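What follows is each chain in one-letter form.
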Amino acid sequence: MLNLNPPDAYWKKDVVAFFSRRFALIIKMVYPIALIVPVAASSIPPEYIAAVIGIVAIMAGTFGAGETLTTDLNDGILMRVSLTPIPPQRLVFEVLSVNVVLDFFQLLPPLILVFILNPAPPVWVAAALFGVFMTLVAANCIGIFIANFTSSPADVLLYATAILFPLIYISGFFRNQNPEGIMEVLRSLVPFAYMNDALQAVFGMTVQTSPAAVFVFPTIICTVMAVGVCLTAPRLLSPRL
Amino acid sequence: MEGALERAAALEVEKVSLLYKGSGRGIQDISFRVGAGEIFGLMGPNGSGKSTLLRVLSTAMAPDSGSFKVGGHDGLREKRAVRARMGLMVDRPTHYGDLSGWANAYFFARSYGVEKKKAGGILTELFEYFDLSEYKDDRVKTYSYGMGKKLALVEAIAHGPGFLVLDEPSLGLDYTSQLAYQRKIRDLAASGVSILLASNQVDEVEALCDRVAFLHRGRVLSEGTPQELVSSISGVKRIVATLRNPVEYGAVERVSGVDRVVPEGSDLVVHCQDRAGIVEDVVAGFVASGGDITELSVRQPNLEDVYVKLTGEALNNAKP
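Chains as they are written, first to last, in this note's numbering: chain W, 94 to 334; chain Z, -10 to 309.
I should point out that these hints are in silico values taken from the structure, not numbers from a laboratory.
Watch out, some of these pointers could steer you wrong.
Stated by the list, open to error - Listed below are the simulated DSSO-like cross-link pairs for lysine-lysine, each with C-alpha atoms no more than 30 Å apart in a straight line:
id	chain 1	residue 1	chain 2	residue 2
1	Z	Lys106	Z	Lys68
2	Z	Lys173	Z	Lys106
3	Z	Lys68	W	Lys105
4	Z	Lys105	Z	Lys68
5	Z	Lys107	Z	Lys10
6	Z	Lys4	W	Lys121
7	W	Lys121	Z	Lys130
8	W	Lys105	Z	Lys107
9	Z	Lys130	Z	Lys107
10	Z	Lys58	Z	Lys107
11	Z	Lys4	Z	Lys105
12	Z	Lys105	W	Lys105
13	Z	Lys58	Z	Lys130
14	Z	Lys106	Z	Lys4
15	Z	Lys105	Z	Lys125
16	Z	Lys68	Z	Lys173
17	Z	Lys68	Z	Lys10
18	Z	Lys106	W	Lys105
19	W	Lys105	Z	Lys58
20	Z	Lys125	Z	Lys107
21	Z	Lys130	Z	Lys105
22	Z	Lys125	Z	Lys173
23	Z	Lys130	W	Lys105
24	Z	Lys106	Z	Lys125
Small disclaimer: the values here were computed from a predicted structure and weren't measured.
Work out the full structure, taking the sequences as your base and the hints as a guide.
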């Protein structure tokens, strides 16, 4: 049996803190359902349903790690933790992984409801779940990257908008759905695009991406992103003066 | 007390400098050593470089030049080894407010490598020692400032560090807790733990520290035992006046022989030369300022007087 409380690792601390704030927990669990399920049950075009789910996942991911990190940086507690013998890269990896898992835990109930409302081939359901998970990894990496430049949760929102807007555009949520040339290359480098394709397939649309591609390419891209943000750890955890 | 310099060095600081790019302030050419089991005090007012020095020694920031060793480990190249041997209490301790005091302390103990089996016993003992047992399951956000300080002390010493860095540890502690803390510090030093104590609480430093260094504008101004430093100044008096009402004390500052007037709580402390008639002149200064003296005492000089004598500035640079 996994013993989480009292916590003996940073990720356990985050899990305990996540479940200890009951009101916040209810809000966190309810808001994805409130946003996603009515849209999924509506008669709007499937590409927009996929886009709404994708945007909720991206926002949840970016603010997950970004908000946690900047709040802890502001309090000074993360600085204190960084002066323990735990390697800073490991701390950042724990921040990233625990936030991805907790964000996925938040999104899983509405996603299950979506799959019940829109029965789809199991391979596409699995691909969509994996695509959402990888989107959360990428979005949390972006949140951690932003936390390198600010210790204000409000600034995370500001900077995230500037970074996410072009990425969402490139991913083809609303525009750039049939890209060519450089836009096609750029789209293939953004993990959000694979999630979007998998979700569109779940909603019965024909997509050019194969389920295998949804599993392989985001894994490679997100691994590079995760390694990249972990390497920023010494800077991220240094005093902000 | 055995000669501090004869002890094995737990901390060796060699010509450490760090200047902030924007302000040009920081620390310059700081060198000193702390022996095993020694309590070394670091005193200096705001802006003297104390916090910057502690940031460097706690491995939070790398200096521009110079080096330091903790227990023989290079503080710049062997950060993890240094951090593992160091206990750290920052001046404004922060915790995870949504977790209990026990969960916070357990998290830090395990982060420092305390074994799971031992952590519970060690923390139980420390929570009892600092009277926190009753509150151990309460969320830290419900703790008072003093309780937070005591929890930070527990977190700093639970892993049995060989070297302890304490920044203003007793500020905010009640009298009983201060006694408990001072007893613990003495016990730790007696068991061989070296302690760097940054504090401007003169009584605390005089009571605990084997040696003291004064920091002034980023440099070590003077270093020695409290007795050596106090006896180095002669012809100095310290007049402490308690006034019924706060007054502008410019007239007192203008009295011949007065070096500095410093407010300390409801008291005004006059650092002055020991000349005939100066007490009478100082009292006249207060009366001229409209002050109603309710209590007056003339005391022996202490470390604060030494600092004022050396720099012309007060350690606690508060204004009335």
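Consistency of the hints with the structure:
1. For the hint pairing Z/Lys106 with Z/Lys68, the CA-to-CA distance comes to about 27 Å; that is within 30 Å, so the pair holds.
2. With a C-alpha separation of about 23 Å, the suggested pairing of Z/Lys173 with Z/Lys106 holds against the 30 Å cut-off.
3. As the CA atoms of Z/Lys68 and W/Lys105 are separated by approximately 25 Å, the hinted pair is consistent with the 30 Å bound.
4. Distance hint between Z/Lys105 and Z/Lys68 is fulfilled; the C-alpha atoms sit about 24 Å from each other, no more than 30 Å.
5. Distance hint between Z/Lys107 and Z/Lys10 is unfulfilled; the C-alpha atoms sit about 45 Å from each other, more than 30 Å.
6. For the suggested pair Z/Lys4 and W/Lys121, the alpha carbons sit about 52 Å apart, so the restraint of at most 30 Å is broken.
7. Our distance criterion of 30 Å between C-alpha atoms is met by W/Lys121 and Z/Lys130, whose separation comes to about 21 Å.
8. Distance check on the hinted pair: W/Lys105 and Z/Lys107 sit about 19 Å apart at the alpha-carbon level, within 30 Å; holds.
9. For a cut-off of 30 Å, the pair hint linking Z/Lys130 to Z/Lys107 stands: about 27 Å separates their Cα positions.
10. About 29 Å separates the Cα atoms of Z/Lys58 and Z/Lys107, which keeps this hinted pair within 30 Å; it holds.
11. Among the hinted pairs, Z/Lys4 with Z/Lys105 is inconsistent with the structure: their alpha-carbon atoms are about 40 Å apart, more than 30 Å.
12. Restraint check for Z/Lys105 and W/Lys105: the C-alpha separation of about 15 Å stays at or below 30 Å, so the hint holds.
13. About 36 Å separates the Cα atoms of Z/Lys58 and Z/Lys130, which puts this hinted pair outside 30 Å; it is violated.
14. Simply put, Z/Lys106 and Z/Lys4 have alpha-carbon atoms about 42 Å apart, too far for the 30 Å limit, and the pair is violated.
15. Between the alpha carbons of Z/Lys105 and Z/Lys125 the distance comes to roughly 18 Å, so the proposed pair stays at or under 30 Å and holds.
16. This hinted pair checks out: Z/Lys68 and Z/Lys173 have alpha carbons roughly 27 Å apart, not beyond 30 Å.
17. Taking the CA atoms of Z/Lys68 and Z/Lys10, the gap is near 24 Å; set against the 30 Å cutoff, the hint holds.
18. Under the criterion of a C-alpha separation no larger than 30 Å, the hint pairing Z/Lys106 with W/Lys105 is consistent with the structure, at around 18 Å.
19. For a cut-off of 30 Å, the pair hint linking W/Lys105 to Z/Lys58 is broken: about 33 Å separates their Cα positions.
20. For the given pair, Z/Lys125 sits about 17 Å from Z/Lys107 by alpha-carbon distance, which is consistent with the 30 Å threshold.
21. Of the pairs offered as hints, the one joining Z/Lys130 and Z/Lys105 holds, with about 25 Å between alpha carbons and a cut-off of 30 Å not exceeded.
22. Taking the CA atoms of Z/Lys125 and Z/Lys173, the gap is near 20 Å; set against the 30 Å cutoff, the hint holds.
23. For the proposed pair Z/Lys130 and W/Lys105, the alpha carbon gap of about 19 Å is at most 30 Å, so the pair holds.
24. Our distance criterion of 30 Å between C-alpha atoms is met by Z/Lys106 and Z/Lys125, whose separation comes to about 18 Å.
Hint compliance for this structure: hints 5, 6, 11, 13, 14 and 19 are not met, and every other hint is.
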